Amino acid sequence: MAFNAQYARVIDNDQVEQWPDCFADDCLYLVTTDENHRQGMQAGMIYADSRGMLQDRIAALREANVYESHRYRHLIGLPVVLKREAGLAEVETPFMVARINRNGTTELFATGRYLDEVVDSEADGLRLKQRIVVCDSQSIDTLLAIPL
Amino acid sequence: MAFNAQYARVIDNDQVEQWPDCFADDCLYLVTTDENHRQGMQAGMIYADSRGMLQDRIAALREANVYESHRYRHLIGLPVVLKREAGLAEVETPFMVARINRNGTTELFATGRYLDEVVDSEADGLRLKQRIVVCDSQSIDTLLAIPL
Amino acid sequence: MAFNAQYARVIDNDQVEQWPDCFADDCLYLVTTDENHRQGMQAGMIYADSRGMLQDRIAALREANVYESHRYRHLIGLPVVLKREAGLAEVETPFMVARINRNGTTELFATGRYLDEVVDSEADGLRLKQRIVVCDSQSIDTLLAIPL
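Chains as they are written, first to last, in our numbering: chain C, 1 to 148; chain X, 1 to 148; chain A, 1 to 148.
The set of hints was computed from the structure by calculation and includes no laboratory data.
Keep in mind the model is a prediction, meaning the values are calculated, not measured.
Some clues are possibly wrong.
Cβ-to-Cβ under 10 Å is the rule here; a few derived chain C residues that face chain X [as the list claims (entries may be wrong)]:
(1) Val80
(2) Phe109
(3) Ile140
We treat Cβ as the ideally placed atom computed from N, Cα and C, and that holds for glycine.
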């Protein structure tokens, strides 16, 4: 829970350059919908399979001034540990994300669950080996930019 | 908190046949409004006083294909323990529930609090002897179907 | 987390006379926006620097029957401890607040984060020496009345 609190904080407080540090070097970050996920599709609205790709993504968003136009507020729920092995855990965690637009309006932007594989390396603490963001709605804004 | 995480998960992930297992055989599940609750009314929008009644309810919802039309996402807050005795606790816990409609729209559907009596039986772990779902709004959709 | 659960409960359950007890005698309670906060402005939509001021505020709201017209539901997220010293901790915690209007409508009213200084006095348990409520949106309802 402390890990997820930190994850949400770097995104919502506009310190998103620290967001890739939540992941292992070799990782999978995928944003998809429940419908696609149930059909076993690996494609998603966002796909990255290394920490370097996550860093590139953030750099591109900064250049495009995406963070000027809106911001997010994550509320991350209680985790359910599905499996635990030596140094590795599979965890499912629900979330709600509000989007606060530059004009002041606030809306419930996305709901869903994280399907995680978390590794515990003694040197770096907890890291995400996998975070599949399964959105409940089929129609997540395709302009989706800031990480969920 | 782990119990509530599991409670929300079986509902939101469409494994609602497991939802009655969260309750003791002899139980009270009531969905009501804050106004009705303060007036001491026992009637509610949903009333069940045994685990069998909860199972019947789920079976009926399945037959009516209710789960095709929309889904929920629960975010359950931090519990306040009001009373603790041998093997029994009274707990109050806030919640928000979003409804994701088939057309893709997401709305904040219900907010409120759970008033629980939780029993700890060594054989089965935690079970709800009582869950009164007190909704904040007077006008919860009367088509209310999926459990809160 | 137990402290924040209790904080939200007294506000949302209309026991708001107990809300000032969450604060130290000598305290700062400030409701502001992210934009103002980043510019270092101390002014805010609500400002109080003693527990007595908080009590006065609640008394005024009661007289004006503010609690008749709407209510809140807080969902408080996971805290991030930023600093910990003897008897004092700096903590940041995200929140979402829904407003339930008398006509039954529910809306996502405010999102943001609490910037807290929490003191642990042996006699009274945890108390807020400072709670700065940093709202994400610039346009929080100026009729803002019930504490966030």
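Verification of the hints:
1. Val80: This interface hint holds because 5 Å falls under the 10 Å limit.
2. Phe109: Since the shortest Cβ distance to chain X is 8 Å, the answer is holds.
3. Ile140: 8 Å, holds
In terms of the numbered hints stated before, the structure departs from none.
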